[in-house]
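S.K.: I would like the entire structure built from these sequences, with the hints used as guidance.
As you go down the protein sequences, you meet chains Z and D in turn.
The C-terminal position of the first sequence is numbered 275 in full-length UniProt numbering, with every residue numbered one higher than the one before it.
The C-terminal position of the second sequence is numbered 844 in full-length UniProt numbering, with every residue numbered one higher than the one before it.
Calculated directly from the structure, the hints in this document are not laboratory data.
Note that beta-carbon positions come from the ideal geometry of N, C-alpha and C, so glycine has one too.
It is possible that part of the hints are untrue.
Said to hold, decoys possible - Restraint ranges, calculated between C-beta atoms of paired labels, are given here:
#, chain 1, residue 1, chain 2, residue 2, range
1, Z, Gly135, D, Asp705, 56 to 62 Å
2, Z, Ala28, D, Glu386, 46 to 52 Å
3, Z, Gly37, D, Asp836, 20 to 26 Å
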Amino acid sequence: MSTSRHSRGAAGSRPPSGEDAPYAAVAANLMKVYGEGETEVRALDDVSVGFRAGEFTAIMGPSGSGKSTLMHCMAGLDKISSGSVRLGDVELASLDDNGLTHLRRDRLGFIFQAFNLLPTLTALENVTLPLDIAGRRVDPTWLDTVIKTVGLGNRLDHRPAQLSGGQQQRVACARALAGRPEIVFADEPTGNLDSHSGTEVLRFLRASVTEFGQTIVMVTHDAVAASYADRVLFLADGRIVDDMAEPTADRVLERMRRFNRKPGESATALSALPL
Amino acid sequence: MLRTSLRNLVAYKVRLALTALAVVFGVAFVAAVLVFGDTLKAAMTDAALREHRGISVDVRATKHSVDHLQTPPLSEALVGKLRALPGAASVTGHVTGFTAVVDRDGRLVGKKSKATGANALPGPDGKDPRYTLTAGRLPAKAGEVALDTRTAKAAKYKVGDRIRIVARGPVLDRSVVGVFTTDSAAVEAGGSLTLLDTATAQELYLEPGVYSELRLHARPGTSQEQLRAAAAPLIPKGAEALTGDALRRDDRNKVDKEIASLRTLLLVFAGIALFVGSFIIANTFSMLVAQRTRELALLRAIGATRTQVTRSVMCEALAVGVVAGLGGFAIGIALAVGLRAILDTVGADLTPGPTVVAPTTALLSLAVGIGVTLLAAWLPVRRAAEIPPVAALRTNLPPTTSSLRRRGIAGAITMLLGGAVLLTGIKGSATGDTKVFTVMGGAGILLVGVIVLTPLVSGPVIRVFGALLGRVYPVEGRLAYRNAARNPRRTAATAAALMIGMVLVTSLTVFSTSLKHLVDRTLSKGITAEFVLSSSAEGQALAPEIAATVAKVPGVTAVSPVRTARATVDGKEFDLTAVDPASAFSVLATTFTQGGPQSLPTGLLVSKQTADDRAWRVGTSVAVTFPDGQRTHLPIGGIYDRAPLLGALTVSLGTLAPHIDVVGDDFLLAKVAPRHGDGMRDALRKAVGNSPAINVQTSKEVRKDFNKLFDIMLDIVYGLLSMAIVIAVLGVVNTLAMSVFERTREIGMMRAIGLDRRRTRRVIRLESLIISLFGGLLGVVLGLIAGVGGTKGMARSTKDLTVVIPWDRVLIFLILAAIVGVLAAAWPARRAAKLDVLTALRTD
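M.R.: Structural data, given as structure tokens:
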């Protein structure tokens, strides 16, 4: 299983992705610095990257490599120190807190490791929450499709506490997709799930990209999870150190293993990379 | 374990500080009452003792004799006899009464109730050792007065000025012959002291040759007791001799009693504040324990016993209690000092003296702070001990699902019990204090029952609020209401704190408004006189000659004085009202159920209630013991149903006159001929010499005065209850802060998926509004029930009392509850909105 490729579908039947598709989000010379002087930490060090529409990208890297920071900056959750982040035609740095909030509300979707459902709302209410907040009308056909795809049909009236972890994360996925966002950001979506539930969620994410042309950026440290993506970005010390297309779990694992070598070795290994 | 407690105190310092504040306010209230009471008591005792210092034996009229309007039997002859006692060094005769000084603008100087007149007692050197003259000399003959410096300064009078003074009768012209300093209690309390020559004072206050008090000073070698024993055989009936020590003890007791009743009243309100505060404590500790379930379970898992866990949390409660006790004590002192300063600036003129902070106040503050906190924390802390060690291992903590059924049953039983007691009180045969206490006790038990039941009620009520809010703010309204409904116990406990204050405010408002309307209606229907004359100094009677003067004013068709005296009728003491049979019923509208006023000149009229109570009928002859001790039988000639100003029993002035010495009219009712309306007031004022000590009011103005009195009382009650409301606000703040803290990650998520700051604040604010409106609505509804019930209960014994609900006020209370909600949400809502999205998302 771990070595198998996941049905990304034939290149031709896929919605626009790959070289010809437009970029849904672009970061240019992105810097994110914490602290000052002696204690300065460069979480992101001159990162330039683009995410094409209809592409499923996984971001990997060791702890502290800046993978989450990159996602947070791309998603308008974190302020960048310098550089630029563009979402479609919008420069994130030009937006204030309200602007960012409304951007997230109207154009992005989120899936968190800890599910983050509101315990007081039913599954269905959780799914439609972003739309409700935006005051947008729910498209019943689309909602139906999403709910069917995640397989929640008979649990819509349940409260999160009455659902299993996998079910909760499926609600969270449906919530992220309900508003047809331009990009869904998923932060370790399988981190809190057993492998069976994790697989279900990953299949669903894969399907949403393949069937609906959804753009997904997912941070993960699980090679298997990454293998569901179209492309894997590897980060280390705040820089992109590798960009792998058509990943398999084995190739990802092999690449990750190289991070675990001793500093001296990794330095040579890094210098050998075609950057 | 102690270290764990201390660490937790630090970790939760803001929340615990807020909680402590809830108790601090209650304790501060208690401490302030105690300090204020002690300070006032010390000052008043000091002033009273100063007045009586050096007296070996005091001879004065007995209380009975004073109450029964008898002239004190202290004659010049008695003074002579006492002087002849071998142990007596000196005997002085004193006469005191009401006298006020009129300033150049025709107003009375100083506090009317403390306006005093007394006879000067110049010694051979022309000086009175009690007073130090700063100018001039002491009055020696009629027409002369000396004024205390404060009064002289206030009115800008100096020696040689012609001034006007008033006693009970008409305005008197006098010339100032001296100005003196005094430490007399009356002057220190904002009154005035006018010294007169003895003969004039006797004439004004008593009758020639009679004193109101004799003071004996013993020769060296004669003890107070010896002198008293020697004097005792000479003392006539109606007077008593007591040693200086006993006199001063009596002074102390009088002050103690006065302060004690004030203190009790204030402590009741402090108790309410503490009761409300205890809810906040209980609620906070419930929240803290719930929040720390895993941590406490971990302690249990690694080997802490239940007792240790309990003790650890109780230690925190103890620390909060100590802080609250000490803080409350300190703030209480400041409050007491501040209150005095405020009262002084508004002219209350309390007897001055240093602030007294008794050690017992400190101890009591601490004890109350600790006691209330520990008591309130006890139940939630016990729940902490029941957390099983395995809870430490559960990742998803199950919500507290413990059924509300037991609570429901307990609440229902309590309510039934309270309702039963209340009904017994209202319908039962008990009267007077017993009835009031039964009704109040029943209402109290009922309230406790309701408090127990609030979590069950909260669901449906909050759902309605949620539905309403959802119409305006679909998303925020729903989020807010679901949160409020998430933990019904917590929401209910928070709302209950506000509810208690609201119940009291509402019920007292209904009760007071109903009473106010009753008095207003009774006066407007019952008094047919156009004008009412009364003394402007509280409790002072009008000299009888004023009635005669008023009767002569052209246009006045009838004048009836109203006097009261105490008499024993058929074995029970009653207030006897005496009116002029010729004119009384032309100025008072009275309905008789039996008989009529014709028999008044020689008979007795009684109120229907008294007649029913005593089973008297027209024609019954009852035994009456008059103030002077004379007994007679009077026939009952009429029973009146509705008669304002007439008490239980009414006799004619003529019947009462022979039995009382001190004649004065409580007020005069004057009916004027039509077309004399305008200018009549000026005519009447002129007739009484434009005396500022006499109020000439239309009956409408009298009603307005009464209404104002009710309003002032209600305002004071509002002021005293405001502390309970403030504490309840703290409770709401606390609950919301807790709610924001617990839901940090939820808030982070909502912010991430697109809820902006403004709307995040709104969610918290709406939740606060729901809790506050729930408390407010419940409080107002229960307050209305209690107020209406109380009023109806009283209506059974007080004819014509109908329930009046001031809907405008009720609406204001609900608006107030809403304002409380918005205010309480300010800080927690800001905190929620300010949360950093990423940090919030990372929170456990």
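S.K.: It remains to establish, for every hint, whether it holds in the given structure.
M.R.: Hints, verified against the model:
no.: 1; hint: Z:Gly135 / D:Asp705: 56 to 62 Å; in the structure: 59 Å, holds
no.: 2; hint: Z:Ala28 / D:Glu386: 46 to 52 Å; in the structure: 58 Å, violated
no.: 3; hint: Z:Gly37 / D:Asp836: 20 to 26 Å; in the structure: 23 Å, holds
The structure shown violates just one earlier hint, number 2.
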